[in-house]
Amino acid sequence: MDLLHVKIRKANQMSKIGITGWGWYIPRYQLDRGAMSSAFRMNSGRGSRSVAAYDEDSMTMAIESARRTLRAESNINNLIFSTTHSPVLDKGNASSMAAVLGLPFQVGAYDLGGSIRSGFGSLKFGLSQNGESLVMLSDLRYGRPGSDDEINGGDGAASFTFGENPVVEVVDVLSESSPVMDRWRAEGELGTQVWDDRWSADQQTALMLQVVKSILEKNSLTEADLGSIVISSASVRSVATISSQVKASSLQSSEIDQFGFLGAADLGVRLAWTLENAKAGQYILVVLGADGADAMLLKTTQRLSSAQFGRELVGTVEQVDVPTYLTWRGLVSREAPRRPDPEAPSAPAAARNHDWKFAFIGSECTACGSRQLPPQRVCMSCGAIDKNRTCSMSAVKSTVKTFTVDRIAFSLSPPVVVGVIDFDGGGRFRCQLTEVTPDDVAVNDRMEMVYRLISISSNGVRNYFWKARPVRENS
Amino acid sequence: MVAIVGMGCTKFGDHWGKSADDLLIDAVEEAKTSAGVVIDDVDAFWIGTAVSGRSGLTLSAPLKIRNKPITRVENMCATGSEAVRNACYAVASGAYDVVMAVGVEKLKDSNMTGLVIPSSPTDGTTADLTAPAMFSFLVPAYMAKFGVSQEQMREVLSHIASKNHSNGAKNPRAHFQRAVSIETISKAQKIAGALNVFDCSGISDGAAAAIICRAEDAHKYTKTPMYVRALSLAVGSGTGAIDPEYDYTTFPEVVASANAAYAQAGITDPASQISMAEVHDCFTPTELVLMEDLGFSERGNGWKDVLAGRFDSDGALPVNPDGGLKSFGHPIGASGLRMLFEMWLQFRGEAAARQIPKPKFGLTHNLGGQPGECVSFVSIVSNSPE
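Here the protein sequences line up with chains A and B, keeping their order. The numbering used here puts the first residue of the first sequence at 1, with every later residue one more than the last. The numbering used here puts the first residue of the second sequence at 1, with every later residue one more than the last.
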């Protein structure tokens with residue numbers, strides 16, 4: 001072992017920043033690939049792919065994964081969001097997400113996205129910052145019917161926190177970059193186009209194998225030393241080749257394959273899933289094929305045994321049919337009811353009410369204890385004025401008092417189901433219910449709050465807010 | 001005390017050929033003729049409209065009224081009554097001697113399904129609901145609290161709708177003049193919760209007007225004035241959607257306004273003393289709940305009284321004898337005045353096929369808003385000042 005390697009290893013061990021937490025989120029809905037192929041008379045793969053609902057997008061999924069990652073003691077300095085399907089450009093999503101997650105204003109919030117490789121870059125960013133970082137990787141993968149993105153893609157998100165005293169150490173990171181044009185999508189275009197996959201895979205596979213070899217050598221390890229491996233690539237062919245050539249590939253969980261390739265979130269969800277099942281003191285190798293190849297060598301610490309992180313288990317999965325999928329992704333525009341177009345939320349009103357608008361923070365009267373959502377200056381129970389404290393309600397469960405199904409109101413996926421929900425410990429709110437079938441809702445059903453897209457106004461403003469969805473055993 | 005000494009009311013319906021201006025002119029003409037006055041005789045005006053005009057110009061422009069005091073009022077669907085209420089207090093105070101209250105709505109020029117209430121910019125956090133959905137919350141709440149099954153509830157709601165359609169069939173001014181069977185009503189496709197299209201009042205155009213003076217001056221205008229024995233308005237604090245104490249089986253605002261009106265008129269047992277009532281049947285469950293809130297039925301028993309025919313046209317307490325919002329129609333600004341117009345015809349013996357024998361006290365109830373956040377108006381009228 002020469003001096004150079006010793007020095008590098010020491011430097012890595014001295015780095016105190018590593019992974020302190022993780023979580024992921026996969027939407028409840030899935031599309032059968034066979035159903036898509038019959039609809040369009042094409043060949044497509046077997047199995048299913050995960051599908052974000054009409055009221056979800058890369059931002060809402062990232063938030064759900066982050067809610068399952070952050071802990072009470074988290075003290076986030078920087079928040080990074082990566083996706084290849086950003087809901088907005090110019091203005092960042094990350095600053096809104098920081099508000100939704102109830103983080104203080106004194107954080108840096110950055111969108112570092114656009115390409116599949118952005119996810120890996122964001123993980124490196126998290127590693128490089130002093131203090132704690134929250135890295136959120138999220139993606140929607142879709143395109144023209146029959147496209148690679150649609151057939152092999154999937155929707156989902158994963159989050160990681162970085163900080164001192166890590167549960168998982170990052171031992172080394174190694175990258176090879178390549179300008180080959182294996183895929184491209186211009187801004188505003190629907191779906192990514194790809195060059196001949198045989199050529200792309202040939203280019204990419206070589207680089208992926210290279211980084212695997214190099215990082216192991218550099219750290220004086222062999223494949224036999226690895227406890228798990230994560231292989232992520234948009235190219236099914238690349239993944240297959242790597243899997244056959246890297247013996248350690250057998251360590252990869254195949255269960256994760258059921259969702260499809262998750263774009264910028266893919267390596268994140270795979271890694272989080274792997275960590276969930278890992279043991280202390282194991283090496284995990286993450287390999288990404290995108291714009292070249294990246295490798296990250298991780299080692300779980302003893303802290304793993306006591307770590308408890310939430311994630312969205314895929315319990316009961318609901319199949320959606322092809323017309324629903326196409327409508328949800330905006331590939332088909334259905335006739336709307338003769339109702340007014342949804343209004344954009346007033347930016348000044350949203351700013352004034354930012355605690356409520358973003359973080360679902362209500363008020364509690366300090367004179368009589370009455371909880372009010374939205375916050376009220378004049379207490380509805382005792383009339384006290386401006387005698388209240390904030391009351392964070394996003395994690396509080398509720399019970400359905402009454403509900404209705406509105407078959408005329410505007411919705412991205414009618415009919416609208418609205419419930420009057422009474423919160424544990426006090427407070428009532430009336431909101432849309434999501435992930436419900438109208439016929440299944442009943443008085444006394446238990447609900448939890450989720451952050452969703454409410455509507456898109458005619459001038460393109462996306463209005464987000466909190467909805468309630470049924471509490472399921474595996475949430 | 002004040003009295004209504006002249007009234008007019010257009011037919012309500014899909015008036016493709018008439019503008020709001022046209023409807024106003026027609027209603028005002030009929031009221032003037034009825035009281036034998038001209039515009040110059042009228043000292044002040046209140047024009048009620050929710051969405052069909054702003055400022056007093058709504059009335060002065062089509063009628064070419066010059067430099068008179070004209071106030072445009074709005075209190076959601078209780079707008080028509082709001083116009084009457086303000087006009088009544090104006091003559092009661094002595095500020096004016098003869099006043100006119102007018103209500104109009106032109107809803108059919110818009111291309112919308114259902115009612116659209118314009119709103120100011122918000123932060124986008126309020127759930128967007130149509131009117132039928134807002135009132136549909138009453139149904140499961142009432143069923144659960146009073147042990148009414150789904151089948152029974154459907155029969156109750158259909159009975160109310162069928163009654164109002166039968167009444168409207170006898171009314172040449174009604175939007176819908178065709179009786180509809182309970183069976184047809186029950187089978188219609190749902191549009192919001194348990195409610196189908198027959199559970200919802202019509203979207204209509206129309207106008208109505210009333211000429212009002214102090215009771216001691218009434219004889220100058222008519223031998224058969226209608227005396228206003230009570231006026232009340234209760235505006236809730238709008239907290240039903242955020243207060244777990246609200247159970248969606250009642251309108252506390254209605255109870256408050258009814259009690260205030262009964263006290264003013266000296267009514268101690270409304271269930272037996274009220275001869276006839278026009279109530280705000282925007283949706284069938286609303287009428288059901290109102291029977292209890294207005295004291296016509298015991299709490300929890302309204303549904304049984306409905307099924308027993310108590311509120312039918314030949315029942316002990318006819319409710320909505322003119323067809324109600326349901327089949328007469330609901331041009332928002334005019335409805336409160338339309339209710340008084342039926343009372344007016346009934347007291348004068350001019351209700352023809354709908355005539356109720358010798359009515360003594362009539363009640364009009366007008367509601368704006370939705371369960372949990374509403375305004376409620378009640379008036380009590382009679383053909384005698386005692």
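Possibly wrong hints are sitting among the right ones.
[Unchecked claim] In silico DSS-like pairs for lysine-lysine, Cα to Cα no more than 27 Å straight-line: (1) B:LYS360 with B:LYS170; (2) B:LYS358 with A:LYS401; (3) A:LYS401 with B:LYS170; (4) A:LYS91 with A:LYS16; (5) A:LYS16 with A:LYS247; (6) A:LYS401 with B:LYS32; (7) B:LYS32 with B:LYS223; (8) B:LYS360 with B:LYS304; (9) B:LYS187 with B:LYS304; (10) B:LYS170 with B:LYS187; (11) B:LYS145 with A:LYS397; (12) A:LYS213 with A:LYS279.
In short, the hints are calculated from the structure, not lab data.
Outcome of the hint check:
| no. | hint | verdict |
| --- | --- | --- |
| 1 | B:LYS360 with B:LYS170 | 22 Å, holds |
| 2 | B:LYS358 with A:LYS401 | 45 Å, violated |
| 3 | A:LYS401 with B:LYS170 | 41 Å, violated |
| 4 | A:LYS91 with A:LYS16 | 33 Å, violated |
| 5 | A:LYS16 with A:LYS247 | 31 Å, violated |
| 6 | A:LYS401 with B:LYS32 | 51 Å, violated |
| 7 | B:LYS32 with B:LYS223 | 15 Å, holds |
| 8 | B:LYS360 with B:LYS304 | 25 Å, holds |
| 9 | B:LYS187 with B:LYS304 | 21 Å, holds |
| 10 | B:LYS170 with B:LYS187 | 24 Å, holds |
| 11 | B:LYS145 with A:LYS397 | 24 Å, holds |
| 12 | A:LYS213 with A:LYS279 | 24 Å, holds |
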